[in-house]
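Novice: For reference, the chains in residue letters:
There are 2 protein chains.
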Amino acid sequence: MFQLDSGIIQRNPGEAVRVIQSAQFLASRWEASVRRIRYAVAASLDGYIAGPKGEADWIVMDPDVDFGALFEEFDTVLIGRRTFEGMARAGQGALPGMKTLVFSRTLRQHDYPDVTIVAEKAAETLESLRAEPGKDIWLFGGGLLFRSLAGSGLVDTVEVAVMPVLVGGGIPLLPPPAGRTGLELTGHKVYGKTGIISLQYKVK
Amino acid sequence: MFQLDSGIIQRNPGEAVRVIQSAQFLASRWEASVRRIRYAVAASLDGYIAGPKGEADWIVMDPDVDFGALFEEFDTVLIGRRTFEGMARAGQGALPGMKTLVFSRTLRQHDYPDVTIVAEKAAETLESLRAEPGKDIWLFGGGLLFRSLAGSGLVDTVEVAVMPVLVGGGIPLLPPPAGRTGLELTGHKVYGKTGIISLQYKVK
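Residue numbers (numbering that gives the first Met the number 0), protein chains in the order written: chain Z, 0 to 203; chain F, 0 to 203.
Pairs of lysine-lysine, DSS-like flavour, derived with a Cα cap of 30 Å:
1. Z:201 x F:188
2. F:201 x Z:192
3. Z:52 x F:203
4. Z:192 x F:188
5. F:192 x Z:188
6. F:188 x Z:188
7. F:120 x F:203
8. F:192 x Z:192
Stretch by stretch, here's where chain F covers chain Z in the computed footprint (C-beta under 8 Å, at least three residues):
9. 43 to 56
10. 160 to 166
11. 176 to 188
To give an idea of the interface, some chain F residues facing chain Z are shown, with a C-beta separation under 10 Å as derived from the structure:
12. 50
13. 166
14. 169
15. 173
16. 195
17. 202
Hints listed in this document are in silico derivations from the structure and should not be mistaken for laboratory results. By construction, the Cβ of each residue, glycine as well, lies at the ideal position given by its N, Cα and C atoms.
Model the full structure from these sequences, guided by the hints.
Specialist: Dropping the structure here:
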């Protein structure tokens, strides 16, 4: 059905167009079905995802943010080692209902049975993960993991909930030095009760 | 007319309310007439106002941004020494039609006759400038001047045109370490042609 020999355009131009359109339709469905890796974080207006001591107390909770719906979009979470250790200290290990991958060359798998430690070949691991069926993949943080994965072209979207605050220092959204990354604004939403503005970008 | 002795509320409640309302009206007019110091800049999503080498080539020009209207809101510009030297190197001295104050302890006034060098008592200078009649005052940059003035409670608004790009390093919007500053989102505008999103905040 999808054989397109070189003579078909001459012999039957209408059929050639139909075949190409079918192939494009399938390609677009395939593209839509590939799981995206999405860096979705809260950040201050000056570009930090945590304060100088890892503080998150400046992150406002707006009653209109639908965390349930957000969590529903993902089934897998990617976490950098430092962020994971911060979460572990706070008594938070794997996220409930999510497959959790922690990127670390030093943590040992048997110490953390609830998560999968990825010690090497991060890109290959993610490429094969993306090829499996499933929901989107949440790049939860931190900034160093984002920098590494973005540098390998593995991040599809950057989604920042900009909090109405200047934190003045801390863990950057993207720690310097990093390469320049072009973005395309694909959506935004204002949360009027708190002044959070959520920005969605596609990585170019 | 604005004497409000302690007995008036008992003697003539209606008159007391009228007096208070008049005073509130005048107070609100006075507040509106005070010139605001506004930090209005373009920044990358990761919080830089210039690239690692001072680059501004990532700043997109959207045809729908009305720079004429923006310039009309100001008659005075505040510039830090480094930003001014960058502008001077680019052949740009004072901004046309604006009173330009450059904050520097090292530049000499007679070398820069088109601008006013403020070497000391920045806060006092700005307090008295603000008390004069005039339009709003544009804190043009850089980040160090903003940090210094914000630390003295002298900045009224932060207005950021967020460019759709991660620059990866450079001159921060607010160089760390800085104190935490609460903000109130007062407005936003999306420029659809380029994906710039302009955010206006009042400093709390």
